[in-house]
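K.L.:
Sequences listed follow chains A and B, in order.
Numbering of the first sequence is given in the numbering used here, commencing with residue 1 and proceeding in unit increments.
Numbering of the second sequence is given in the numbering used here, commencing with residue 1001 and proceeding in unit increments.
Incorrect hints may appear among the rest.
What the hints assert, rightly or not - Selected chain A positions facing chain B (in silico; Cβ < 7 Å): (1) Met196; (2) Gly230; (3) Leu233; (4) Gly349; (5) Leu350; (6) Thr352; (7) Leu353.
What the hints assert, rightly or not - No farther apart than 30 Å at their CA atoms in a straight line, the calculated lysine-lysine pairs in the DSS-like style are these: (8) Lys1317/B / Lys319/A; (9) Lys317/A / Lys1317/B; (10) Lys160/A / Lys1392/B; (11) Lys1306/B / Lys392/A; (12) Lys1283/B / Lys306/A; (13) Lys153/A / Lys306/A; (14) Lys1380/B / Lys392/A.
These are computed hints drawn from the structure, not numbers from a lab.
Ideal Cβ placement from N, Cα and C applies to all residues, glycine included.
Protein chains: 2
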Amino acid sequence: MNLDINQARLSAELAKLATFSEAPAPAVTRILYTKQDLEARAYFKGLCLEAGLELREDALGNTFVRWTGSDPDLPAVATGSHIDAIPHAGMYDGTVGVLGGLEAIRALKLAGFKPKRSIELILFTAEEPTRFGVGCLGSRVMSGVLDTNGLAKLKDSEGKTPDEARQEAGFSDNLADVRLTEGFYYAFVELHIEQMPQLEQKNIPIGMVTAIAAPATLHIALEGAGGHAGAVLMPERKDALVCGAEIAQTIESVALTTGSIDSVATVGIFDIHPRAVNSIPSKVFMTVDVRDTDLGRRDSMVEAIKDAVWTISAERKLKATVETLNADPPASCAREITEATELASREFGLRTLPMVSRAYHDALFMARICPTGMIFIPCKDGVSHRPDEYSKPEDIERGVKVLGSVLARLSQA
Amino acid sequence: MNLDINQARLSAELAKLATFSEAPAPAVTRILYTKQDLEARAYFKGLCLEAGLELREDALGNTFVRWTGSDPDLPAVATGSHIDAIPHAGMYDGTVGVLGGLEAIRALKLAGFKPKRSIELILFTAEEPTRFGVGCLGSRVMSGVLDTNGLAKLKDSEGKTPDEARQEAGFSDNLADVRLTEGFYYAFVELHIEQMPQLEQKNIPIGMVTAIAAPATLHIALEGAGGHAGAVLMPERKDALVCGAEIAQTIESVALTTGSIDSVATVGIFDIHPRAVNSIPSKVFMTVDVRDTDLGRRDSMVEAIKDAVWTISAERKLKATVETLNADPPASCAREITEATELASREFGLRTLPMVSRAYHDALFMARICPTGMIFIPCKDGVSHRPDEYSKPEDIERGVKVLGSVLARLSQA
């Protein structure tokens, strides 16, 4: 089946979506339920209605766009991604899977394709952890990994819960209905930029994801003793900053020495108190993001980091607390989807590279309730979460073509 | 001469002064030219007028309280300190030298003493670097170490210069007149809490300061590369936080290994960008406060820290800049003042401990224009710059007594 992708229209839609941002271009900042997030959603929903698709939103704002198949009672085939963006990020992370998914459906329609199973495009709420500290909020609740009790414990920086925030944003349905049962979908496949430079370096247009690494998130709090920067002698100090610095360095070492290139650990937040030129820092709060494709190795890293916190804080006579915010298992992709991706790519004469996703995605949680896969496309220098994040229009086009073909294949099964 | 110190009144005045604070008690926060600073100054000036003393303020708000001597043309003997307080500090740092200086003068008057040289009590503007990043703003300008051009380069967090800020606070005289000539004062002696635990541990009531350590302040900026915390592999990272952490640890090592207990170095501010859980920090801004009683050793530490910044940032392939904000030389105290302190203490049967001041004080800059000394009193556990900073009323009384006697001796010379 030939699929005619309207590359110019898709590029224009991606550019338009990027204008809904708190940060000035080329940076994109789009935080859950802000004015910019709601405007971007409205723009997306308008495009879907223009394409003649049906819309449904759940209580968290997860948005389901349905192209009804000839056998509408069969579980649908789903695709999708997210449109939220961390502070000072770029315009391709997530959005390529959302607007690209829409373009794939439009191209299938244009080609005269008639799906047996319905095809659904999902815009997931808050894949990024910016507002509530936990990634994949929408798919986490959808898959039952986070229930309403767990949701109620999350708070944003103003102390609001997700329930309060979503109601303010106008989502008033029953939260308990967000959860989908296992088997609700026949399959889920997500198109995404690689966020690594492998495809670009090897000049291969399609990444066929075989596994998705999962993060554990730790919150570390240190409490030492402050005091005057001139008067407290070095051996008598309980400097929380230097203690935190030693822990941050050890975290780097832990990730560097597992023996696997797949192990990563990042201190993304490091706040100190009282933060004055001539005052010894008495407190540190830091977050650690730990990931691996192998659950055992990931959890060994988490344990090694905790040990380092206890050892270093004890040596330096500081109080320490460690809280594990989340520790999700990695996911394996379904063989039927990697095979469909392989066949679809071959159909268009495109080479594929089997690879693991080191970033997590909504697919990680969709894998809990249905066979799941991911399709990656190259991005410049592997850069993501930065204003200079970039994927070429022709690379996006190839990804959308393969996605369309995969959706078509799965929808006939 | 017997000196009758009104300990109860002085304690009440210190407690009242502590109420002019942005932070709730027992913490004291009093930043230059804020409402709280101006109210505290008004309270102090009221007490001085009640005591029958003459007031003068300069263009920066340095306040001079004069008890005119029998030979008013002779250079006066001066004492004084500061009343500003860093965020979440305590109620004795500086204030004991200001209100204690006033009480010493009141006690001398009560005793019927008639000074030959005039005695002046100085409230120095902004000894703490909180607002403009540079400590001892008032005495620095008074002593000519900072001129009006240098002042104009300083900015607070809102971009205001000291000139703009002081005019808003109602100080409108000519800035050029703040500078005092060498010989303007016959001598300067500052009463202060020790900010170290030596006097308390040795149970000695009076510290006789022989030298004052001086700080160098460095601003370090690091720029690496950000990116997705899951996707950028460890060996490819240019993580500014881990680079800054390694530098912070090295700074601690530099101070610990000079061979002298007098060497201290502190990272007081450590800001990261973009500060998101799943984003690799691309930038760090940090301040370093480096002090020693020996200028050569202090400057060697500064050089070693700069070397560490260049080496570590080069190894990690980050860009680094280092700016030296100030690098003042330490000061030696004048023998005539240490001798007067010794004699005054003996007069009251109080033991003295010769010691160096590891914290800097306005005395560091007054030493540029006249013979200078300091008198220290014990403080609990050596704690300062914290809400639990504490000196016993009887220890304060002893210090005020010795100060009064020293002022009397110097005023007759």
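K.L.:
Evaluate each hint against the coordinates.
P.N.:
Evaluated hints:
no. : hint                 : result
1   : Met196               : holds, 5 Å
2   : Gly230               : holds, 4 Å
3   : Leu233               : holds, 6 Å
4   : Gly349               : violated, 28 Å
5   : Leu350               : violated, 22 Å
6   : Thr352               : violated, 19 Å
7   : Leu353               : violated, 15 Å
8   : Lys1317/B / Lys319/A : violated, 34 Å
9   : Lys317/A / Lys1317/B : violated, 33 Å
10  : Lys160/A / Lys1392/B : violated, 46 Å
11  : Lys1306/B / Lys392/A : violated, 42 Å
12  : Lys1283/B / Lys306/A : holds, 26 Å
13  : Lys153/A / Lys306/A  : holds, 23 Å
14  : Lys1380/B / Lys392/A : violated, 66 Å
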